[in-house]
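Chemist: Residue-level listing of the chains:
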Amino acid sequence: MRNMFVIFRKELYRVLTDKRLVLTVFILPGLSIFVIYTIIGTLVQAQFTEPEDYETKIYAENVPDAIVHRLDETMNYRFIEGELTRDDIEEQIMDEKIDLAVIFAEDFEERIIDKSPNPPGVTVFYNQGNQSSASAHTRFSAVMNAYHESIIKERLDDPADYHPYILATENIIDERSMAAQGFAMLLPMLIIIFLFAGAMSIGPDAIAGEKERGTIASLLVTPTKRRDIALGKVTSSALLSLLSALSAFIGIILSLPRLMMADETMPDISIYGAQEFLAIFFLLVVTVIFIVGLISIISAYAKTIKEASMLIMPFYFIAMIIGIMNSFGAEVNQNPLVHLVPIYGPINMLSGILLFDYSLTNFFVTIAANIVYIAVFVFILNKMFDNEKVMFAR
Amino acid sequence: MTDLEVRDLRKTFRLSRKQRRIERTDEKKRIAVKGLSFTARRGEIYGLLGPNGAGKTTTLRCISTLIRPDEGDIFIDGKSVLKESIEVRKNIAFLTTELKLDDFFTPNYLFGYFSRLHGIDEKTMEKRRTEQFERFGIDKFAEVKVADLSSGMKQKTSLAISLVHDPDFIIFDEPTNGLDVLTARTVIDYLLEMREAGKAIIISTHILSVVEKMCDRVGIIIDGELKVSDELAKVKALDENGDLEEVFFHLVEESAGDFAHA
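These protein sequence lines map, in sequence, to chains H and F.
For my numbering, count along the first sequence from 1 and bump the result up by 95.
For my numbering, count along the second sequence from 1 and bump the result up by 129.
Each hint should be verified, as a subset may be incorrect.
Unchecked claim - DSSO-like cross-link-like pairs, simulated, lysine-lysine; straight-line CA separation at most 27 Å:
#1 F/Lys157 <-> H/Lys484
#2 F/Lys229 <-> H/Lys401
#3 H/Lys320 <-> F/Lys212
#4 F/Lys157 <-> H/Lys398
#5 F/Lys147 <-> F/Lys163
#6 F/Lys269 <-> H/Lys484
#7 H/Lys398 <-> F/Lys274
#8 H/Lys484 <-> F/Lys212
#9 F/Lys283 <-> H/Lys114
#10 F/Lys147 <-> H/Lys478
#11 F/Lys269 <-> H/Lys152
#12 F/Lys219 <-> H/Lys478
#13 H/Lys478 <-> F/Lys274
#14 F/Lys269 <-> F/Lys229
#15 H/Lys484 <-> F/Lys274
#16 H/Lys401 <-> F/Lys147
#17 F/Lys208 <-> H/Lys398
Stated by the list, open to error - Some but not every residue of chain F turned toward chain H, in silico, with C-beta under 8 Å:
#18 Thr194
#19 Leu195
#20 Ile196
#21 Lys229
#22 Phe233
#23 Tyr242
These are calculated hints, taken from the structure and not from any lab test.
A virtual CB, placed ideally from N, CA and C, is assigned to each residue, including glycine.
From just these sequences and the hints, can you work out the full model?
Modeler: Next comes the structure, spelled out in structure tokens:
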């Protein structure tokens, strides 16, 4: 086992002292996720909020005073002077010279007061593809709805006609469960993707890289057991992959406030206790070693890093699909047999832990199954390192 | 007990589809070594001489435990490469000009890494590092990454690192292949020194002058078969003028004739 640690240390040294690798494997994942998610959050937020000092430009004809009064209360706007044809209106909306055009019937207010059997019309023009125009339309519609309700209220004698029933809806979900659902939807998918991506950026170099560089023979001619080589490579790659995933995880956590638009209902990770964190830790450790084991076998089979990366890609896609399916899945599957399935079992268990909906039996089934798979992988790797056809294939 | 004994060694390779296409052959298997037997002793250099593709490298790779013989066995100090490969590896060094060092590391780091893999204590390692690095002039470049070393210095570093554990058996495939004259001279001088120090050295080469300069005994291998294995002087005496080149060509021609008759 002594040589396992020698190889373990060498692999860590190789990655941790290479500035380019440190940047690409440990800093960029977290940094890029933080930057990308922050930008997405900021853009999404900007889409729903109009700058406070923005003055909506409205072209209006025959606007009743009641509407002007309501507009004054709800919007920062100004009317565009002049008389425009329908073509002019369309052109100016497309050119963003006006955000909204509203044409009321000439005798709009009189016909409302007279309760005319022939209701007066209002025509609204806006551009859904333009943010300011769409926002102006939403606000104007709210004004018109309020006006509509006020008219109905006035016309009906009995308030009961207006409110035939009162609907009271109470969402009895507690904040803890709500936050847990948020985490369970987001984290298992992201964690599995980042664990796999981290392992992919390190694993192929440790084995396929040695084969490609021709340095594997120097190692194989030393009195090192093949099992120690396999374990040294797998454990070092697993630790480095975990660090890479941790970087991505920190990026996610730091960008969450912006991604969730600083919502008050933003999930708070402190809802989880020591038991959950411990369970997640063990689950991540066995999952990352499983992934690294798989990648190591593929890398041992491949002749070059490029070939290894190509062969790993389908497994990465499968892991991604499982992660995405889990995010949109309805419930945590409690069948113990499901927890034997590689990748899916740990993701399902992770969702269960995050939702406080898991059994210890299923947890141990997941851990035990993955330990067995890892042992099988190490055994296969051991055989591969001892196989000249695999090691020296050209 | 002989120090190193190769006993009836046989090795066959399966040809991949790609190899068959490149070599334009329908053969699915190729017999690389056909029942090779010879011995090597401490304090001498044994030279395995043969044309390209004769089976020299395959033989040396079997001795160094990198590949397994299909039949036969190799015994080093009585230990079988098949049954006690770990024990055998403790006392052998395998070198080839194709054996690469990881460009990312420095000679210092690699010397420490391979010393630890061989279970050498820190004190002995430091002593050997100083000796070897001074011997090969690596000391000035000890902290330079392998990628930035000249090819000659890389080869010297490779040699120093392969011998971190001071093994009794040194197996060197084509020791001067691709080296400049100065580096080749350094390597040859070092191997001669090692012989004086009582090491058993086996080299493979197709360069006759290297054999004449270095070897005490020589084996000529053609098409996987050992045609002759004896002291250099006795092998040379097979030609009336004592010309090793003539002996070699004669054996090659004889083998080609056998092949044609077959």
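Chemist: Name the hints, by number, that the structure is in violation of.
Modeler: Per hint list: 6, 11, 13, 15, 17 violated.
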